[in-house]
Amino acid sequence: MSLLSAHGISIAFGGLRALEDVSFSVDAGEVLAIIGPNGAGKTTLFNIVSGLYRAQSGRVMLAGRDVTGLPPHRLAALGLARTFQNLQIFFRMSVLENVMVGRHLKERRQLVAELLGLPSVLRENSATREAARDLLAFVGLAERAHEPAQSLPYGALKRLEIARALACEPKVLMLDEPAAGCNPVETEEIDRLIVAIARKGVAVVLVEHDMKLVMRISDRVLVLDQGRVLAQGRPQEVRADPRVIAAYLGRHGLASAHAA
Amino acid sequence: MTGPRSKLILLSSLLAVLVVVPLLFPSAFHLRVAALVWINAIAALGLALVMGLAGQVSLGHAGFMGIGAYATALGPRHFGLDPLLSMALGVIGAAVLALLVGRPILRLKGHYLAVATLGLGILVHLVLVSEVAITGGPDGIQVPRLVVAGWRVVGPEVWYWITGVCLILATWIALNLEDSSTGRALRALHDSEIAASVVGVDVARHKLLVFVLAAVYAAIAGGLLALLNRFVTPDVASFLRSIELVTMVVIGGMGSMMGAIVGAALLTVLPQALTFFHEYEHAVLGLLIILFMVFLRQGIVPGLLSLFARWRSA
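If you read the sequences in order, they're chains A and B.
The numbering of the first sequence is the numbering used here, which starts it at 1 and goes up by one.
The numbering of the second sequence is the numbering used here, which starts it at 261 and goes up by one.
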């Protein structure tokens, strides 16, 4: 049984059908890339699966449980973490604290003890700090731990979001355009990170426009077009699929692809 | 943000101020003003947790202060209860009211809390003014003298120390919260509710928690005010008082616990110091607030800290 699966997801905004009967599944240690032209519904699908939107029909299963319609914080507790296309960083906090917040569910919280600053709270704080430091080292940001998050360049913030998501110790990690806006060097670092994360047994679902990255690291590719699943399969199969080429390049592109 | 060391520095400097003030200003009048500063600072600290830490706005915070103050006055009068016990009941009452009002409101995003608390504050004030038979109406009501185990708690110096110690405890608790898992979750949801929720923070629950805690701070401040003045009027819960508390937090520096205390000190002491301007007192006070906001936009404490950092690195 797959770790995360979506079945027959549909949603419409006003009259616009953003997603229609979309299904996918992903196993532990597998990298699934969701691709498609702009407006295909990739981020909408992400937002539904991660609990930010509610689908009008369809079900989401996580580790054998029906999690349809659960709020994000409940999904996080069940092992689903994600990053955002438009960064959602805690800009008023330090780099380290951003990742520490990611440990929220792993911390024992007892309000009275927290208000009184009891030794148990201090121990918990230092355990959280250690875990966050390890994750910053994993994404290559250890030296910048104590800087304010807002001082980091774009590519580093992308990795900071990944570190924060990993702090939840997720079973499923959803990355919304992890390499968008990154230069080739940064993209390569993120590439390396994703492979390392999947190797640890985490199921990775990513939306990405960088086709080279997608072809390099994904085990399977799901192609969306105008809210429907256009194709699904191994990267090589999908790349050769004429429908996919048509969706990306238009009819004209398809003609020239045939001619070539 | 505040590690154990900076926490210690903040608390010991506060204690130093507490010790030095009576040496410099030993008169009863000055000690009374200082006690008022400590009391206002307690209420402002609570509001700083809501506004600075969690990024929510409460425009009716004086309402909770009024509940604490009037509970302390009315318990002994109508039920023959001990003033301290009455105050404790008032604090619990304020917490329950905050829970009931905050629960439905804080599930929503946006400025609903500001509007709802605005209404709540006005409502509390209205009840205090109009229920003359119970509250004494606009003329106010007397508060019996506090007697603890046969000791009559009187004199400005005694109250200076009682309120001062309460402020230190309130600061200590606020700093502890700031540097805990819950505090981090609050600061996180201030910046991005979505990001906080996807790492597992129950956003509505955390907002509610800090709102209730702030109500407790305000009610304690209100109770202390009643015991210090031995008299309460509905003014304690007026809309203007709520705005004053918000101004203390903003002018001192949102997100800085020390800022709330400095803001409270400024807005409590300045009106006393400006009395020689006679009828222009309020105009001068307003002008000063504007100047502070123009030149130290982040608030006094964070503004001065960053000026200091720039001066050191230059």
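Careful, some of the hints might be misleading.
[Unchecked claim] The following residues of chain A were derived to be distant from chain B, with all beta-carbon distances above 12 Å:
hint: 1; residue: 15
hint: 2; residue: 21
hint: 3; residue: 50
hint: 4; residue: 122
hint: 5; residue: 174
hint: 6; residue: 211
hint: 7; residue: 225
hint: 8; residue: 229
[As the list claims (entries may be wrong)] Straight line, CA to CA, 20 Å or less: simulated SDA-like cross-link-like pairs of lysine to any residue:
hint: 9; chain 1: B; residue 1: 369; chain 2: A; residue 2: 112
hint: 10; chain 1: B; residue 1: 267; chain 2: A; residue 2: 69
hint: 11; chain 1: B; residue 1: 369; chain 2: A; residue 2: 69
[Stated by the list, open to error] Covered by chain A, according to a simulated footprint, are these stretches of chain B (three or more residues, beta-carbon under 8 Å):
hint: 12; stretch: 351-364
hint: 13; stretch: 454-468
FYI, nobody ran anything at the bench for these hints, they're computed from the structure.
Beta carbons are placed, not taken as given, at the ideal position from N, Cα and C, and that holds for glycine.
Cross-check of the supplied hints:
Consistency note on residue 15 of chain A: stated as away from chain B, and its beta-carbon is indeed over 12 Å from all of that chain's, at 26 Å minimum. The non-interface label for residue 21 of chain A is consistent with chain B: the shortest C-beta to C-beta separation is roughly 26 Å, beyond 12 Å. Against the 12 Å criterion, residue 50 of chain A falls within the reach of chain B, whose nearest CB is about 6 Å from its own CB. With a least CB separation of 7 Å from chain B, residue 122 of chain A falls inside the 12 Å interface cut-off, contrary to its annotation.
Once the 12 Å rule is applied to beta carbons, residue 174 of chain A is inconsistent with being away from chain B; the minimum gap is 9 Å. Look at residue 211 of chain A: its CB is around 27 Å from the nearest CB on chain B, clear of 12 Å, so calling it non-interface holds up. For residue 225 of chain A, the non-interface assignment is confirmed: its Cβ lies about 27 Å from the closest Cβ of chain B, beyond the 12 Å cut-off. Its beta-carbon lying about 25 Å from the closest one in chain B, residue 229 of chain A satisfies the requirement of being farther than 12 Å from that chain.
Proposed proximity of residue 369 of chain B and residue 112 of chain A is contradicted: the alpha carbons are some 27 Å apart, above 20 Å. As the CA atoms of residue 267 of chain B and residue 69 of chain A are separated by approximately 42 Å, the hinted pair breaks the 20 Å bound. For the proposed pair residue 369 of chain B and residue 69 of chain A, the alpha carbon gap of about 19 Å is at most 20 Å, so the pair holds. Counting residues of the stretch 351-364 of chain B whose beta-carbon sits less than 8 Å from any beta-carbon of chain A gives 0, not enough to reach three: the coverage restraint is violated.
Only residues whose C-beta sits within less than 8 Å of a C-beta in chain A count toward coverage, and the stretch 454-468 of chain B has 10 of them, enough to reach three; the restraint holds.
Of the numbered hints given earlier, the model fails hints 3, 4, 5, 9, 10, 12; all others are met.
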